[in-house]
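A.B. asks: Sequence:
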Amino acid sequence: TDIKKHGGEAIAIKADVSREHDVLAMFAQHLATYGSLDIMVNNAGLQKDARLVDMTLDQWQTVIDVNLTGQFLCSREAAKIFIQQGVRQGVSAAAGKIICMSSVHEIIPWAGHVNYAASKGGIEMLMKSLAQELAPFKIRVNGIGPGAIQTPINKEAWETPESLNKLLTLIPYKRIGQPIDVGNLAAWLASDEADYITGTTVFIDGGMTLYPGFSDNG
116 TDIKKHGGEA IAIKADVSRE HDVLAMFAQH LATYGSLDIM VNNAGLQKDA
166 RLVDMTLDQW QTVIDVNLTG QFLCSREAAK IFIQQGVRQG VSAAAGKIIC
216 MSSVHEIIPW AGHVNYAASK GGIEMLMKSL AQELAPFKIR VNGIGPGAIQ
266 TPINKEAWET PESLNKLLTL IPYKRIGQPI DVGNLAAWLA SDEADYITGT
316 TVFIDGGMTL YPGFSDNG
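Once you know that position 178 of the sequence shown is 293 in this note's numbering, the rest is easy, because the numbers rise by one and skip nothing.
Keep in mind that the hints are not guaranteed to be accurate.
Quick list of the computed label-pair ranges, beta carbon to beta carbon [unchecked claim]: (1) 244 x 311: 15 to 21 Å; (2) 251 x 279: 44 to 50 Å; (3) 144 x 198: 34 to 40 Å; (4) 118 x 150: 17 to 23 Å; (5) 247 x 224: 32 to 38 Å.
What the hints contain is simulated information worked out from the structure, not anything from laboratory work. Backbone N, C-alpha and C fix where the C-beta goes; we use that ideal spot for every residue, glycine too.
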């Protein structure tokens, strides 16, 4: 509804990206509605947090299935369409663009979240391998690695002044990110302005990956 409210077009499709049947149906419905595909953003993700010794196999597998397998399935189906379409003059310099939503935790370990961190580390190599394989088809693949973004999934980290101040000790730029920050980056990566960029993760984190603990000379 927000997209339509701002003059765009959109359809809502119920799907579990960890289920192959759902992904196939989702892409079929998209093509039936719009006829082509130009950009695919892997944005589905979740957390099921627990200490290692308490984490169940279901908690582990659910996060891996959604966060990592879901990106594989959606990227595979998008690539099939992009290869078939080829480069379309007047649309884009590329045949297609895939953006893999990752996290600073593709490079920052995270105790108590081993399933989530493992899924994001996997996304990094998935993205790079896809970029290598698909570049000859003029398909670009990149990742976005958000740090602390103010969304409901991490509400406990910013909802009180005390929790926000604690969070800001990890962010050299001293502000929490907003969804529009990530949206602006995704729009740019998907545009022809970024046509020579493929196979890289762009971190959008206010400096969280800069080892802020060493900012006072260690």
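A.B. asks: Does the beta carbon distance between residue 251 and residue 279 stay inside 44 to 50 Å, or does it fall outside?
C.D. replies: holds, 46 Å
A.B. asks: Does the hinted range 32 to 38 Å hold for residue 247 and residue 224 at CB?
C.D. replies: For residue 224 against residue 247, whose Cβ atoms are near 26 Å apart, the range 32 to 38 Å is violated.
A.B. asks: Given the hint of 34 to 40 Å, is the C-beta distance from residue 144 to residue 198 inside that range or not?
C.D. replies: violated, 20 Å
A.B. asks: Falls inside 17 to 23 Å, the C-beta gap from residue 118 to residue 150?
C.D. replies: holds, 18 Å
A.B. asks: Taking 15 to 21 Å as the stated bounds, is the beta-carbon spacing between residue 244 and residue 311 within them?
C.D. replies: About 19 Å separates the Cβ atoms of residue 244 and residue 311, which means 15 to 21 Å holds.
Consistency note: the structure conflicts with the earlier hints numbered 3, 5.
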